[in-house]
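2 protein chains.
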Amino acid sequence: MNLAELKHTIAHKKNFLCVGLDTDLEKIPSFLNEYDDPAFEFNRRIIDATRDFCVSYKINTAFYEDKGTDGWETLLRTEAYIGNAHFKIADAKRGDIGNTSDRYAKAFFEEAGFDAVTVAPYMGHDSISPFLKYENKYAIMLALTSNPGADDFQLQKLENGQYLFEKVVATSQHWEGSERLMYVTGATRPEYLQKIRALAPETFLLVPGVGAQGGSLSEVVKHGKTNAIGLLINASRSIIYASNGEDFAEKAGEEAKRLAEEMTFYF
Amino acid sequence: MNLAELKHTIAHKKNFLCVGLDTDLEKIPSFLNEYDDPAFEFNRRIIDATRDFCVSYKINTAFYEDKGTDGWETLLRTEAYIGNAHFKIADAKRGDIGNTSDRYAKAFFEEAGFDAVTVAPYMGHDSISPFLKYENKYAIMLALTSNPGADDFQLQKLENGQYLFEKVVATSQHWEGSERLMYVTGATRPEYLQKIRALAPETFLLVPGVGAQGGSLSEVVKHGKTNAIGLLINASRSIIYASNGEDFAEKAGEEAKRLAEEMTFYF
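Chains A and B, in that order, are what the protein sequence lines are.
Just so you know, this note's numbering puts 223 at position 223 of the first sequence, and the rest follows in order with no gaps.
To convert, count from 1 in the second sequence and add 267; that's this note's numbering.
Incorrect hints may appear among the rest.
[To be verified] Just a sample of chain B residues kept apart from chain A, beta carbon distances all over 12 angstroms, derived:
hint: 1; residue: 269
hint: 2; residue: 271
hint: 3; residue: 297
hint: 4; residue: 298
hint: 5; residue: 305
hint: 6; residue: 318
hint: 7; residue: 333
hint: 8; residue: 353
hint: 9; residue: 369
hint: 10; residue: 377
hint: 11; residue: 404
hint: 12; residue: 465
hint: 13; residue: 485
hint: 14; residue: 513
hint: 15; residue: 518
[Said to hold, decoys possible] No more than 25 angstroms apart at the CA atoms, straight line, and that leaves these computed lysine to any residue pairs for SDA-like:
hint: 16; chain 1: B; residue 1: 400; chain 2: A; residue 2: 151
hint: 17; chain 1: A; residue 1: 27; chain 2: B; residue 2: 365
hint: 18; chain 1: B; residue 1: 492; chain 2: B; residue 2: 517
hint: 19; chain 1: A; residue 1: 67; chain 2: B; residue 2: 533
hint: 20; chain 1: B; residue 1: 373; chain 2: A; residue 2: 38
hint: 21; chain 1: B; residue 1: 424; chain 2: A; residue 2: 175
hint: 22; chain 1: A; residue 1: 225; chain 2: A; residue 2: 246
hint: 23; chain 1: B; residue 1: 373; chain 2: A; residue 2: 41
hint: 24; chain 1: A; residue 1: 133; chain 2: B; residue 2: 293
hint: 25; chain 1: A; residue 1: 195; chain 2: B; residue 2: 380
hint: 26; chain 1: B; residue 1: 373; chain 2: A; residue 2: 24
hint: 27; chain 1: B; residue 1: 424; chain 2: B; residue 2: 490
hint: 28; chain 1: B; residue 1: 334; chain 2: A; residue 2: 1
hint: 29; chain 1: A; residue 1: 13; chain 2: A; residue 2: 45
hint: 30; chain 1: A; residue 1: 67; chain 2: B; residue 2: 305
hint: 31; chain 1: A; residue 1: 27; chain 2: B; residue 2: 393
hint: 32; chain 1: B; residue 1: 373; chain 2: A; residue 2: 36
hint: 33; chain 1: A; residue 1: 67; chain 2: B; residue 2: 393
hint: 34; chain 1: B; residue 1: 400; chain 2: B; residue 2: 334
hint: 35; chain 1: B; residue 1: 400; chain 2: B; residue 2: 275
hint: 36; chain 1: A; residue 1: 27; chain 2: A; residue 2: 1
hint: 37; chain 1: A; residue 1: 157; chain 2: B; residue 2: 373
hint: 38; chain 1: A; residue 1: 106; chain 2: B; residue 2: 302
hint: 39; chain 1: A; residue 1: 222; chain 2: A; residue 2: 211
hint: 40; chain 1: B; residue 1: 462; chain 2: A; residue 2: 158
To be clear, the hints were calculated from the coordinates, so they are not data collected in a lab.
Glycine residues also receive a C-beta, built at the ideal position from the N, C-alpha and C atoms.
Modelling step: build the complete structure from the supplied sequences, incorporating the hints.
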């Protein structure tokens, strides 16, 4: 799914929800352990229960990579099961020297069929450019994250008065292929969304932190919405772990539907 | 291998070389393709040819991850083949929210038996702390990298006059478990090594950029050496791709030996 299709899907569904598949074998219902691939079985049922109520899925690759080869297999099966009607994000937070980023871009865009990969900015332009070379593929760069450690560096002020996260956005907007760049901006700091919008008025923002981390949807919309919405609100734990029983998928569907209904007000 | 053992090995071998296994199937000699696992066969021969001339190996995980499940298997086989007489670094540049970094720490320190993992600082303390909780395991944080994009953010000056990379070092030195922290500092910018040494006088530095990227060993030693050496000089392409023929391992051994002999002068 490319950006035009994502915008169309958002407008058509009146929805900008991204469901995060942070699938933790220690947290999924224990009855799933009788399956060959419990994590895939969990994801399959979550996807079936939520696909009508979201426009995107985000797969947190760490939860698969720590299972070694089996985990990568589960990740690929999940990505394939989602299909092509949703915007598929590999939440991998990669960023390395150019020849290494080339490998990651190939892994996520070619070996797997993701539409976007999250990337970390610290190493600068040549660590990101390999992700921006693929037509209809997107790099979602960390700008201001929702965790406590965001204060350590992202909210440091530079000599010119900008916060580091503003510099990251301002600088990267001039990179070749920046029309295929999006930013991660945590919902727990909605007041800073305006600063990002001042620098990137139309760029899509992936917004974690609504739900389990306490961010407010209405505040995010107030400060971050564009004419084409321009937001993907990610919720992971509040949806996929809504219940720990036999009804986990049903409850996940209900929570996604609840968020989806709240979103219709903003169209 | 823990830090005390690393220091002992360095002193005993009079060597502080780290060989980087950035093993690219498109660059290894084509006759290896007859093996079931060409990348492992390449690594096995490189390791046999170089183990006497280095104290550490660094495995660039991207070159394995882009092969999916097979790649992760090759990575694990390589890590096991190195054994316990070398300091084993997973060059993965991870950094994510706490529960995700937990997964990565588990993958690299428990599933695989690496001694250290490279991490990215942008998300701050709670993205790194999961890596600092393991006794005798180490997190090697990006400070000042050797690529052109380092200028974009790492060399930005903050309000207090520090460069961002100095702030990264200064702040992280106060984190719990910081005695298990090391830093990546590129050899292509040796003049900044003094600034890092001013903030972290004894901390080990992993120094890429000698060799293919043009950094000078003598300059790095001049600005960065401590009483216990405190440096791991990484060379990847200049060693492992010293020849593309049947003699690739022999030539790799010769290049490692050449660097090793140069290093003995600094003891």
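Cross-check of the supplied hints:
The non-interface label for residue 269 of chain B is consistent with chain A: the shortest C-beta to C-beta separation is roughly 23 angstroms, beyond 12 angstroms. At roughly 28 angstroms from the closest C-beta of chain A, the C-beta of residue 271 of chain B stays outside 12 angstroms, upholding its exclusion from the interface. No Cβ of chain A approaches the Cβ of residue 297 of chain B within 12 angstroms, the least distance being about 20 angstroms, so the stated non-interface status holds. Every beta carbon of chain A lies more than 12 angstroms from that of residue 298 of chain B, the smallest distance being close to 23 angstroms; the non-interface claim holds.
In this structure residue 305 of chain B is separated from chain A by more than 12 angstroms, as the shortest Cβ-Cβ distance comes to about 16 angstroms. Non-interface call for residue 318 of chain B relative to chain A: holds, since the shortest CB-CB distance, roughly 24 angstroms, exceeds 12 angstroms. For residue 333 of chain B, the shortest C-beta to C-beta distance to chain A comes to about 4 angstroms, within the 12 angstroms cut-off, and the non-interface label is violated. Consistency note on residue 353 of chain B: stated as away from chain A, and its beta-carbon is indeed over 12 angstroms from all of that chain's, at 22 angstroms minimum.
Chain A draws residue 369 of chain B into its interface by the beta-carbon criterion, the shortest separation being 8 angstroms against a cut-off of 12 angstroms. Against the 12 angstroms criterion, residue 377 of chain B falls within the reach of chain A, whose nearest CB is about 8 angstroms from its own CB. Separation of residue 404 of chain B from chain A is adequate, the least Cβ-Cβ distance of about 15 angstroms exceeding the 12 angstroms criterion. Under the 12 angstroms C-beta cut-off, the non-interface status given to residue 465 of chain B relative to chain A holds; the minimum distance is some 19 angstroms.
With a least CB separation of 23 angstroms from chain A, residue 485 of chain B remains clear of the 12 angstroms interface cut-off, as annotated. The claim that residue 513 of chain B is not at the interface with chain A holds, since no C-beta of that chain comes within 12 angstroms of its own (minimum 25 angstroms). The Cβ of residue 518 of chain B sits about 21 angstroms from the closest Cβ of chain A, beyond the 12 angstroms cut-off, so the non-interface label holds. Distance restraint check for residue 400 of chain B and residue 151 of chain A: the Cα-Cα separation of roughly 21 angstroms lies within the 25 angstroms cut-off, and the hinted pair is therefore satisfied.
Note on residue 27 of chain A and residue 365 of chain B: the hinted pairing holds, with a Cα-Cα distance of about 16 angstroms set against a maximum of 25 angstroms. Restraint check for residue 492 of chain B and residue 517 of chain B: the C-alpha separation of about 30 angstroms exceeds 25 angstroms, so the hint is violated. At roughly 43 angstroms between alpha-carbon atoms, residue 67 of chain A and residue 533 of chain B are farther apart than 25 angstroms, so this suggested pair is violated. The hinted pair formed by residue 373 of chain B and residue 38 of chain A meets the criterion: a straight-line CA distance of about 19 angstroms does not exceed 25 angstroms.
A hinted pair counts as satisfied when its Cα atoms are at most 25 angstroms apart, and residue 424 of chain B with residue 175 of chain A qualifies at roughly 21 angstroms. For the suggested pair residue 225 of chain A and residue 246 of chain A, the alpha carbons sit about 37 angstroms apart, so the restraint of at most 25 angstroms is broken. Note on residue 373 of chain B and residue 41 of chain A: the hinted pairing holds, with a Cα-Cα distance of about 23 angstroms set against a maximum of 25 angstroms. Taken as a hint, the residue 133 of chain A and residue 293 of chain B pair is honoured in the structure, with Cα atoms around 20 angstroms apart against an allowance of 25 angstroms.
The suggested pairing of residue 195 of chain A with residue 380 of chain B is violated, with an alpha-carbon distance near 43 angstroms, which exceeds 25 angstroms. The straight-line distance between the Cα atoms of residue 373 of chain B and residue 24 of chain A is roughly 13 angstroms, inside the 25 angstroms bound, and the hint therefore holds. Proximity of residue 424 of chain B to residue 490 of chain B is assessed by CA-CA distance (about 21 angstroms); at most 25 angstroms being required, the pair is judged to hold. At most 25 angstroms may separate the alpha-carbon atoms for a hinted pair to count; residue 334 of chain B and residue 1 of chain A meet this at roughly 24 angstroms.
Distance restraint check for residue 13 of chain A and residue 45 of chain A: the Cα-Cα separation of roughly 21 angstroms lies within the 25 angstroms cut-off, and the hinted pair is therefore satisfied. Of the pairs offered as hints, the one joining residue 67 of chain A and residue 305 of chain B holds, with about 23 angstroms between alpha carbons and a cut-off of 25 angstroms not exceeded. As the CA atoms of residue 27 of chain A and residue 393 of chain B are separated by approximately 21 angstroms, the hinted pair is consistent with the 25 angstroms bound. Between residue 373 of chain B and residue 36 of chain A, the direct Cα distance comes to roughly 22 angstroms. Compliance with the 25 angstroms bound is thereby established for this hinted pair.
Between residue 67 of chain A and residue 393 of chain B, the direct Cα distance comes to roughly 23 angstroms. Compliance with the 25 angstroms bound is thereby established for this hinted pair. Distance hint between residue 400 of chain B and residue 334 of chain B is unfulfilled; the C-alpha atoms sit about 30 angstroms from each other, more than 25 angstroms. With a C-alpha separation of about 23 angstroms, the suggested pair residue 400 of chain B and residue 275 of chain B falls inside the 25 angstroms cut-off, and the hint holds. With a C-alpha separation of about 30 angstroms, the suggested pair residue 27 of chain A and residue 1 of chain A falls outside the 25 angstroms cut-off, and the hint is violated.
For the proposed pair residue 157 of chain A and residue 373 of chain B, the alpha carbon gap of about 34 angstroms is over 25 angstroms, so the pair is violated. Under the criterion of a C-alpha separation no larger than 25 angstroms, the hint pairing residue 106 of chain A with residue 302 of chain B is consistent with the structure, at around 24 angstroms. Of the pairs offered as hints, the one joining residue 222 of chain A and residue 211 of chain A holds, with about 17 angstroms between alpha carbons and a cut-off of 25 angstroms not exceeded. For the given pair, residue 462 of chain B sits about 18 angstroms from residue 158 of chain A by alpha-carbon distance, which is consistent with the 25 angstroms threshold.
Of the numbered hints given earlier, the model fails hints 7, 9, 10, 18, 19, 22, 25, 34, 36, 37; all others are met.
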